[in-house]
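Asks: Read top to bottom, the protein sequences are chains G and X.
Residues in the first sequence are numbered consecutively from 2, following our numbering.
Residues in the second sequence are numbered consecutively from 6, following our numbering.
Check before you lean on any hint, since a few could be wrong.
Claimed, not checked - Covered stretches of chain G, going by a simulated chain X footprint (3 or more residues, C-beta under 8 Å):
id: 1; stretch: 36-42
id: 2; stretch: 56-62
id: 3; stretch: 68-76
FYI, nobody ran anything at the bench for these hints, they're computed from the structure.
What you are looking at is a predicted structure, and each value in this text was computed from that prediction instead of being measured.
For every residue, glycine included, the Cβ atom is placed at its ideal position computed from N, Cα and C.
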Amino acid sequence: MRHIIAVLLENEAGALSRVAGLFSARGYNIESLTVAPTDDPTLSRMTLVTTGNDDVVEQIKKQLNKLIDTVKLLDLSEGPHIEREMMMIKVRAERQDREEIKRLTEIFRAKIIDVTDTSYVIELTGASKKLDAFIGAVPEGLIVEVVRSGPTGISRGEKGLTV
Amino acid sequence: MALSEAQSVGAEPGRPERSGVELSGAEIVVQALADEGVEFVFGYPGGAVLHIYDAVFRQESVKHILVRHEQGASHAADGYARATGKCGVCLVTSGPGATNAVTGIATAYMDSIPMVILTGQVPTPVIGSDAFQEVDTVGITRPCVKHNFLVKDVRDLAVTIRKAFYIATSGRPGPVVVDIPKDVTDPNIKIPYDYPRDVKMRSYNPVLKGHPGQIRKAVDLILEAKRPVFYTGGGVVLGEASGQLTDLVRATGFPVTSTLMGLGAYPMTDPQFIGMLGMHGTYEANMAMHETDVLIAIGARFDDRVTGKIEHFCPHAKIIHVDVDPSSISKNVKVHVPIVGQVANVLADMLKLYRELAPRSEEQPVSDWWAKIAEWRGVDCLQYDRSSAAIKPQFAVETLYKVTGGDLYLTSDVGQHQMFAAQFYPFDKPRRWINSGGLGTMGFGLPAAMGVQLAFPDAQVACISGEASILMCIQELATCLQYGLPVKVILLNNGYMGMVRQWQEFFYESRYSNSYVDALPDFVKLAESFGHVGMRVDRPADLEAAMTEAFAMKNRLVFMDVIVDPTENVYPMIAAGKGHHEMHLAPSLSDRELA
């Protein structure tokens, strides 16, 4: 099963490589991993997406908690949560394709953020599946480049993952 | 001079009395060690740590032990830590100094040994430029340490060293590396020194007490058990819980088995002890594991050498598992009652509750179960040929026990001799059996024995080894001479890498690929050339007298080259992928007898 895990880490040099090293050393799956500082500059927040059966995911969480730099951890998949990923996609946009892609962008509530005579860069934010759907909807052969941030997430409700 | 002033105050370990003295980074390193109460630092100098070595030279409270190879430093610090329960400390230079220490760091990590390893690093401005003797020490050691630090500012040095000791010695212990660039120890830059008394880390708070609800569940299971077994591991030794374990085992009257790492935590000569379990465990211990209905695992981690094939592991048992490390619980084997907490606390709480709830009875508890165990014991699985003209390794270990009266610190290398020692030398106290269990590091024994002998100068300390293992750190014989360490090396010389040879005999149709060590040195002359006493024994009849003579030489290192039967195998043996009930027994015990 797919799990999305949020981790608060001490904002120390090497914290990210400890997490990455843990996953490779113990052979855990890692689909994506994003990390950035929070409002508190001493803390980084990491979101990682992994897959595995319940026992494996339980062990992943224990091993993450065992890292000395880990302050707190939450498996967002255990409760109601919101997940967002950002994508920028560069497409070839010439002649009749220009209108077609612009329409597609509107349907997905995406934004065109760069325009040339022959291309667009489109920005789209949403759940990962929506991003997948957009990629699927772009007519064959027009995609030049895709860059995705990897998912980040936050729990619903008033409680927060804070120190 | 600042440093000697600081000592004259006689800072109590961990409770420094001084603050505000101006010290350089190098002096801070050494003063911090003194404030931690460190007696010995095992190390080897080099370019990046020269400032620190100069500070070492100008003080006397921390004694530096010069090894002959950094692997020896890390094993010696490890042996010191295992024997004393205190934190072992190493000091090595950057680059090859650090990489040579890695085997010892990984050894300590696998067995959860508290150690602080100070490594020199190239100066901060040249980090990342492939400078001379530069290596990414933090990167290389990351997977084999509990934690590591790179100190980039002298103002962070004292607090980082305090944190390193705190992390290394608390919770589930482990090695911590502190990488210190040379410019951080610059003797010309002095800052006020203030060693922190306490350290608080929001991201690291080891659990102390077990959850009362879980303890209640565990005691309820214990009270209902018909065929219980205590399965205890190195965590009992590390957690100083030997007394609590012994009390609980005696109160319940249950049988107890131990892993290789836990030997001695419960007295091995006690009738409730049914031997070591696992790959080379006793028949009675492994059969009891197979038949048990309530397994009480204490400070053990269900290692593959213990469990055998997981599908066959304790098929009838409800499992209680007490461990300070949550990630050890249900990692390999799913358990029914997990209890996270310090083993000593949890065992004390369990005993208290057990005494409240257990019915008063004169009967021996679980007597049917003991009758079954007595049958298994009757198999006498550790028997060997006592009429052999060659010295049997088992006989050598039994003789060692006899000569030392059981009062010995025994370090070991890795292989057959290690298993024979575990099977035939019954330890009645914890911290007496010192070996590399998790990583299985050949070369561990001799440097580890140095650490033990330094900690206990008047104690009997021996290193049991094989002719293959001993050569991996043989250079430390020079260190032993320099510091007058009268370790007794008991070399069980069979001319083979015995355990490799045994596996090749069993599983590779006796194709002995590269397990024979041709061109061995003359160990007697070798020991003598290092300034020690060498002895060779090859007849069983001479062994006891020779060992007695060796141990009578209180101030000399004696290297005993004991020529043993080259083809002896370690039995019982559970082959990889088999269950506890599928042991190979010695050829003299046919399978039919056991049915």
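Asks: Now tell me, hint by hint, if it's right for this structure.
Replies: Going down the list of hints, with the structure as the test:
no.: 1; hint: 36-42; verdict: violated (count 0)
no.: 2; hint: 56-62; verdict: holds (count 3)
no.: 3; hint: 68-76; verdict: holds (count 4)
This entry does not satisfy hint 1, going by the numbered hints stated previously; all others are met.
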